[in-house]
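4 protein chains.
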Amino acid sequence: MQNRLPEEKVFKDPVHHYVYVQDRTIWDLINTKEFQRLRRIRQLGASYFTFHGAEHSRFSHSLGVYEIARRIISQFERGGFPDWPREERLLCLCAALLHDVGHGPFSHSIEQVFGTDHEEWTCRIIREDTEVNRVLRRVSPDFPDKVAQVIAKTYPEEIVISIVSSQLDADRMDYLLRDAYFTGVNYGTFDLERILRMMRPHRGHLVIKESGMHAVEDYLMSRYQMYWQVYFHPVTRSSEIILRKIFTRTRQLHEQGYAFAWLPDTLRGLLAGEVALEDYLTLDEAFMQMTFIQWTKEADAILADLCGRFMHRRLFKYATFDGEPDPELLSALADSLRAMGLDPDYYLEVDFPADLPYDVYRPGEEADKLPVMLLGEDGEVAEISLKSDIVRSISGIVRGKHRLYFPGDVMASRAGELPPEWRKVLGLH
Amino acid sequence: MQNRLPEEKVFKDPVHHYVYVQDRTIWDLINTKEFQRLRRIRQLGASYFTFHGAEHSRFSHSLGVYEIARRIISQFERGGFPDWPREERLLCLCAALLHDVGHGPFSHSIEQVFGTDHEEWTCRIIREDTEVNRVLRRVSPDFPDKVAQVIAKTYPEEIVISIVSSQLDADRMDYLLRDAYFTGVNYGTFDLERILRMMRPHRGHLVIKESGMHAVEDYLMSRYQMYWQVYFHPVTRSSEIILRKIFTRTRQLHEQGYAFAWLPDTLRGLLAGEVALEDYLTLDEAFMQMTFIQWTKEADAILADLCGRFMHRRLFKYATFDGEPDPELLSALADSLRAMGLDPDYYLEVDFPADLPYDVYRPGEEADKLPVMLLGEDGEVAEISLKSDIVRSISGIVRGKHRLYFPGDVMASRAGELPPEWRKVLGLH
Amino acid sequence: MQNRLPEEKVFKDPVHHYVYVQDRTIWDLINTKEFQRLRRIRQLGASYFTFHGAEHSRFSHSLGVYEIARRIISQFERGGFPDWPREERLLCLCAALLHDVGHGPFSHSIEQVFGTDHEEWTCRIIREDTEVNRVLRRVSPDFPDKVAQVIAKTYPEEIVISIVSSQLDADRMDYLLRDAYFTGVNYGTFDLERILRMMRPHRGHLVIKESGMHAVEDYLMSRYQMYWQVYFHPVTRSSEIILRKIFTRTRQLHEQGYAFAWLPDTLRGLLAGEVALEDYLTLDEAFMQMTFIQWTKEADAILADLCGRFMHRRLFKYATFDGEPDPELLSALADSLRAMGLDPDYYLEVDFPADLPYDVYRPGEEADKLPVMLLGEDGEVAEISLKSDIVRSISGIVRGKHRLYFPGDVMASRAGELPPEWRKVLGLH
Amino acid sequence: MQNRLPEEKVFKDPVHHYVYVQDRTIWDLINTKEFQRLRRIRQLGASYFTFHGAEHSRFSHSLGVYEIARRIISQFERGGFPDWPREERLLCLCAALLHDVGHGPFSHSIEQVFGTDHEEWTCRIIREDTEVNRVLRRVSPDFPDKVAQVIAKTYPEEIVISIVSSQLDADRMDYLLRDAYFTGVNYGTFDLERILRMMRPHRGHLVIKESGMHAVEDYLMSRYQMYWQVYFHPVTRSSEIILRKIFTRTRQLHEQGYAFAWLPDTLRGLLAGEVALEDYLTLDEAFMQMTFIQWTKEADAILADLCGRFMHRRLFKYATFDGEPDPELLSALADSLRAMGLDPDYYLEVDFPADLPYDVYRPGEEADKLPVMLLGEDGEVAEISLKSDIVRSISGIVRGKHRLYFPGDVMASRAGELPPEWRKVLGLH
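Chains as they are written, first to last, in the UniProt record's numbering: chain Y, 1 to 429; chain V, 1 to 429; chain E, 1 to 429; chain L, 1 to 429.
Keep in mind that the hints were calculated from the coordinates and are not lab data.
Since the model is a prediction, treat every value here as computed from it, not as a measurement.
Check each hint, because a few of them may be wrong.
The calculated lysine to aspartate or glutamate pairs, modelled on EDC-like cross-linking and capped at a C-alpha distance of 20 Å, are [claimed, not checked]:
| no. | chain 1 | residue 1 | chain 2 | residue 2 |
| --- | --- | --- | --- | --- |
| 1 | V | LYS209 | L | GLU8 |
| 2 | Y | LYS317 | V | GLU8 |
| 3 | E | LYS209 | E | GLU77 |
| 4 | Y | LYS153 | Y | GLU119 |
Generate the whole structure from the sequences, applying the supplied hints.
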């Protein structure tokens, strides 16, 4: 089979200028309906409520991850490094392109409530009867399985996994640059070209030449800033909390046998824990947004209100605490909310972003992410925090404050009914 | 009423760095549900099929237009120019912010088929019973009407209209910069800061100091390039043609009494020519995309196929012609399509972008757009093409080629059934 | 001889991010003292008086030209195009790197007055006994001569010359981007990556695929804007006029046997028309600036004044005329200057930038610059203005106004002595 | 006196887009010959040997510092903050513009050897008989003195000093952005607009609103990276060491009564410790570079060699040590250099950049730089490292390695004469 395209194809990309496609398999994968569907799923979920530019899709991110992987491999091939297994090229590119293909709308919130797992869906899309699978099988019958193994991090060649998924992989490098570009924040830029030039295949591992250490430091500091300025932004958290409440309410209503005025079959399946792959693929943000708009007219007041809050951006306000808020005080606040007719299960939430398995580089902590290894001039390999003062300094930081989220708009007009000690804390007088 | 916010609010914007809000009215307008709805309508319609970064919404564009208008006015105030009517500030800002609030999903295609008019909807949203209207009425009872007049270009103060809508207005300056940023093309950048600094209110008109002529030339050349590289890109045109065919088919089926498996009431109203404002406001891209996904399962093969083409990006191919294609030959081609079972009304289209009332600057041609006037050092005012060689040169260019769009994927496998003279032209052998 | 470096070297470059060096010959050429000397010669001569950022040197431009040439060739090699003569790679790179090595300080002004020619000096540096020559001879005895032939455009392989010197060469593409970057103007940016990707070697010529036409249009429009906004900027012209007057005065004084208080031997040689190559190489901007500072103390009042004007930026003012100023009126103005004690030969100058053999693309006009040729999909090659409306439009523009330069500072205090008709024209009341 | 210009003047600046001048005093100061002289002094001394783009002058930096100060003050005035002393505006702007006016060529090296002090020269230029002084005196007789006091940090209004010189002043903010722009490195960018918006005058101090903390963190991290990637770059250090050796040799030769073939009076004065202000002002980089070129022909072999090394970029090589190199081994190396005819006083140097009073933010350490103070929402003011985890983490880092500099080019050919233990360390075999 002739896999090389007669003429290179390009996509104009604001982050990488151009994305180059040279293989028919890649071209065909991009044109499958499962991959095109990623155009309807935003890369940053509900962050667009905080940063209105952050409307970019997982489609563009996936192309970007592919492009970075392509450049890494192309550099390895030009350099003629013997430790690079040349026959893994197409596998690595396909895994890079498809690593997010199973993502649904607002994945993290849905997964938290319904226990689904986007990586599992990714592997099903690759292995079951889909256009993606048909394209991959044309390479070889076991090719879909190999792609799925790389994504599941069970493939035997570690270096192939490292390019797609590690502390310094094509995925993170693309999303930091892309999210910085589309949100418009200044953080998140680093010298991609230099990092790529410093990468080396080394005895089965992906390493960075020590002379590239400063560029990696800069990348890690960018990541630190992006986490706190963008990914954990309190307004974004607010919209994610509302999303989660919507899904929780939906599940509860379903369990109670509530008669939804609007409940497409796909959603019914999701609630029942039985979604066919074909139906899962129709679940996109268009679907969810239209559903939320319909649900603003549901009889259940809580569901209708929460959906209205999400669609019309009437988010919860928040107050910040240095430690955990006092449980007794919290319970008193919950009582007065109840007295106002607001169920505290849906209208009160303590959030602590640092609880998340987050991403700031901590050696040893994220067992599933291969660390950054530096290759010294003497041929020795060492984990970066042993060499870099700045990485060592920031990797020990525990950060994050507790925040209490609440419907400030409703409560403002009834502040008099709140416990007095809360009024000042919540800024309601 | 105290309209000034106690503290300025900001939005992070990738194009203007920050958008500054100083007035409570503006802040409240942004938080209405009618304005938030613009988040669900893309600025460039189906262009994201060509430029995957072009996923930005009319929400972000509207904020940008507001911000440019704010900077123009702020410069007029700082300069203390007596010809600027200071009392019009808030009116001008509101009109800039709201000028697109009536846009629906894929407006141009829907308008072509159903004869709706987004500007009319904009004025209805401003004047009828909406959150936007309530915010505006708090300024004064006749304020909504004045805003609508500025947008309809009937307001007596020409300079207020010029800032919002003219050959060199906040609208165009924002969309050129924004569309260039999000598509990633190099064209479309010009020196906004210099143009703003050169603007002057002059006897009721908006003029540009002659020393800023070169910056305006650069802006007009950017516009020229953006039209041909982005707005009239043949792939974008292909997706717009499919959209139009979908709407045309829908209308025809409705007229024939076809029983749609999926037809939400809002759409039924649109087909019947009777949409209530409240329903119109639920019409967004999420709604349309979910509908198209549902329609891929409709019994009508044409509608189902066209919707699948749009959602999975199986666009029509095209061939380019120097003049109009020969009608007889075209008719022979239509016949062979019909023989293949493809209705040429839906599967064949001749397109000529230059037929559109397009935007490249031509003095006198666009009666409804105020031209660019230069203010010489001697105090004389002259239309720019009288002063600028380069504007005069490009303003006379008639450009554009005829393109024939067709379903290359289906026809490729049956090329033998085509008239032989067509096979080469269409690139099907 | 092993020419390949064991490890690629890089230079950090603000325009191209990195400049990559892979050949020992290139590395050694950069380290010669003749090439290092280019660090002391500004790329844009006296333009820094207009754009204070424009302090970049011919050293950085020369590296940039080399880098663009390297990318063009590397693309040709990767594409495996049979029409690219692979054995010319190093020759082309050396010619690109060295094409400006003979430039002296403020070359254009010195050449106009003393009749020297920087290209001649470039060829002498390449051919005579220099470090550059020694490095080149290590490739082969006739290699210096071949490099000189490429630069003199007499080498038989046209495509090698085209990359270094044509209407769309590495030289121009670098200087437009670089001058735009360092001056900070918005014009001058175009899509270099796309143009490079569209270049093809074709039967001995360098051509552009027709699908890249728009990127070339954009490049030509950038060039047009850069000429008028930067290169012909009236303030830059003013400083160039003063430079020319300084050199003219120096030559005249020398001919009159004037005893300079400061006249280093190198300058004495230049005045006598006898400069040894070794001395020429010490002529840099440091040398000229120190000389001008010394000359501000010369007994000759005109020389001292002109040097003070240049060093302390007391430039001539200018007035603009639509046609040529009336000779009789001009003569009356000269008389009144003379009456004030100002020699009009040194204190009055009519300038018309368009008289220069300038650079805006005009097919056929610049006999020594190969035009831009487009390669159609049908394999036909055509000059770009036959295909592009916009190129045809701008290539016919004759532009430029006459400007009269004069010492406004001195004349302002004695405006009463001027012919009345001149006072208003010159803005002196 | 009417100080406001009838019309604002602008300078095009690549970093700030435009520099705006509104006061006649500022305009006149820029046009003095003492300020114009800054065009001939590079901002980054010999860094252009490492980053060829770093050819920008102190002239452009000074304009940039002025512009940032102008924006800070303009924001204070627009905000109407009562703690900003409005009458100090012009004083602050003049001090910002002139803070570097006393800098000479390669200041740090000259100051180390000759004990001169650029700040002292700045104050002399402001106070003695110069064009700058004349312009300042036109404001008021004591104005020059007040400007000098701000620069000397003895002026009673702390906030005026803070804007010009503190841990977060206009000076540093401009040079980080400018040096990043001209070197082309990615580090060094931060969100200037946000920092300026968060600045507040508060009871005589300059503070930052706590919500701007992250932008300040980013600024401090940029500074950290710029120090290690640019300012302390080992190649830059190498050229600075050679400069220092040149000046040391010159002084020694002068003390020994050596007869220089080239020694302009200004230099003779500098060596004798008696330079008149007027002569000092002719000392610029043109002067020094021409001098170094002349000195390559001096009879003293050391001076001639060092000058050739500097002018033709034949820098010293270096080897890196984790701690201080062993003194005994060092002494053995010095002996073998002596045996080769290389005086180790001039051809061997141990360098430890962290010894410098450097700039990375350490609270309390730099007694003369006011720290960054955050203003909480509760009105409390706190030093930033008490609030920011990341600032606290990086401010404790002690960093830097010892490096040994040596003439690798000469020694390479005679490596056999070196102590064997040194050959490997120095990379000479």
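> Taking 20 Å as the top limit, are the C-alpha atoms of LYS209 (chain E) and GLU77 (chain E) close enough?
Replying inline: 17 Å, holds
>> Just to be careful, I want the Cα atoms of LYS153 (chain Y) and GLU119 (chain Y) compared with a cutoff of 20 Å; is the pair within it?
In response: 11 Å, holds
> Is LYS209 (chain V) within 20 Å of GLU8 (chain L), Cα to Cα?
Replying inline: Distance of about 14 Å is within 20 Å: holds.
> Under the criterion that the straight-line Cα-Cα distance not exceed 20 Å, is the pair LYS317 (chain Y), GLU8 (chain V) satisfied?
Replying inline: 18 Å, holds
The structure shown violates none of the earlier numbered hints.
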